[in-house]
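Q: Here are the chains, one letter per residue:
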Amino acid sequence: MLQTVIVPGSLALAQEALARHPGAALMAGGTVVMPVLNYGTDSFDTLVSLRKAGLSGIFISDGKASIGAATSLSELQERSELAFLAHAINTIASPTIRNMATVGGNLFVEQPYGDLAVCLIALGATAAVADGGAARFEPVETLVRHGVAKGEIVTKISFTLPAPGTFKFTKATRRAFNSAAIVTVAAVIGLEDGKVAECRIALGGVGRHPVRAKSVEEKLLGQTFDRAGVMAAAEVAGDDIEPFDDAYASAWYRRRVTPVHIRRALVGE
Amino acid sequence: MKHAVVSLTVNGAERQMLVAPGTTLLDALRENQGLTGTRRGCEQGACGSCTVLLDGRTVMSCMVPVETIDEARVDTIEGLTPPQGLHPIQEAFLEGFATQCGFCTSGMIMATAGLLAKNPDPTREDAVRAISGNVCRCTGYEAIIDAVLDAARRVSAAGSARAA
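For the record, the sequence lines run as chains A and B. Oh and the first sequence: position 85 is 85 in UniProt numbering, straight run, nothing missing. Oh and the second sequence: position 157 is 157 in UniProt numbering, straight run, nothing missing.
These are calculated hints, taken from the structure and not from any lab test. Any given hint might turn out to be false.
Chain B side only, calculated, beta carbon under 10 Å to chain A, not exhaustive [said to hold, decoys possible]:
| no. | residue |
| --- | --- |
| 1 | Gly34 |
| 2 | Thr51 |
| 3 | Pro65 |
| 4 | Arg73 |
| 5 | Val128 |
| 6 | Ser132 |
Given the structure is predicted, the values throughout are model-derived calculations rather than measurements. Just so you know, even glycine gets a beta-carbon here, dropped at the ideal spot from N, CA and C.
Use the sequences and the hints to build the structure in full.
A: Right, dumping it as structure tokens:
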């Protein structure tokens with residue numbers, strides 16, 4: 001049963017609270033922790049909330065974005081310089097949940113949720129992690145696989161803004177609104193002279209963690225960017241994924257349709 | 001287990017409450033403040049029946065520990081309702097038969113209030129999206145979506161009448 005709720009007013013105080021209560025649950029927006037708490041749990045008796053730790057805010061300058069980990073998905077969606085992300089964020093849960101859920105929290109949700117993390121991997125984003133000493137920096141791509149150690153706090157996410165038109169996104173779902181992913185595809189594709197010069201493709205919904213479609217990327221790099229080329233490259237996506245069965249789709253179906261959604265994300269129908 | 005004193009501005013009035021650790025905003029409103037218009041549904045963030053406005057944005061009050069929002073502004077269905085008569089959103093729901101058992105209605109109305117505060121002239125898709133986190137097991141949603149759009153017309157008409 002919950003005994004203590006701590007609402008630290010700074011990052012330093014939050015780290016101190018975690019050091020003092022090693023078993024505490026760390027909470028940002030609460031959309032994952034609170035259902036556990038409301039259902040009833042003995043797994044923690046102390047809650048440390050990051051709501052007032054000064055970790056929210058979006059800073060953009062010189063073509064780089066730095067986003068506080070406690071920034072809500074709604075705040076992110078409303079930021080005009082990040083309009084390229086608005087459509088992707090719109091596919092995540094409902095507006096009410098997006099008012100609560102945070103950028104940092106999204107890195108830790110179970111698949112097939114966590115579509116923002118898929119976008120961040122495509123953007124090559126880096127997470128700043130405070131661990132008591134100096135902050136360390138880790139690519140979001142590896143962070144979503146390994147998580148963070150006890151006592152560590154993700155404080156911000158940084159990425160270089162993609163050139164106009166280079167960010168691609170599609171999400172296949174059961175329903176048009178507020179539905180978890182069957183397959184999520186986010187990508188940044190940079191072209192030079194019609195050939196693929198830069199290529200990061202991230203997939204969600206097709207493994208225990210969001211992954212890079214590295215085999216597809218390798219096949220695309222240096223190639224002419226057209227429908228036939230993309231379709232041929234997307235066919236090898238099966239090497240990059242380990243899909244699972246859930247209520248939304250079977251592993252077989254996810255594997256079958258992943259190349260289709262990569263094509264749709266990159267070149268449309 | 002240490003209780004905490006939390007101050008909130010609830011429907012425009014300053015309120016102080018003594019709460020046990022982990023008390024949700026939903027419980028604080030219903031049990032402490034007697035504001036039972038906010039419904040307890042799934043307590044998992046899946047149904048939307050506990051939707052209220054927190055500092056002007058919709059949240060599911062079952063997922064907000066009230067100690068984390070000290071000094072915040074909270075608006076509920078009771079605050080939306082004028083002393084006499086009904087709010088234009090409530091009129092739209094009533095006259096559009098957008099309610100059957102009524103359990104989801106206060107959440108639906110607060111989700112509508114959150115939408116119209118940001119977007120006074122929503123499209124049908126905007127309306128569907130705004131209530132996409134709110135479950136109704138009776139109506140089949142069409143009447144609710146119509147009511148949200150009707151509410152937008154009524155609210156902007158009331159706004160222009162006040163301005164004139």
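Q: So, for every hint listed, does it hold in this structure?
A: Results of checking the hints against the structure:
1. Gly34: violated (21 Å)
2. Thr51: Where the cut-off is 10 Å and the nearest Cβ of chain A is about 6 Å from B:Thr51, the hint holds.
3. Pro65: holds (6 Å)
4. Arg73: violated (14 Å)
5. Val128: At about 6 Å, which falls below the 10 Å cut-off, the nearest Cβ of chain A leaves the hint on B:Val128 intact, so it holds.
6. Ser132: holds (4 Å)
In summary, the structure is inconsistent with hints 1 and 4 from the numbered list given earlier, while agreeing with the others.
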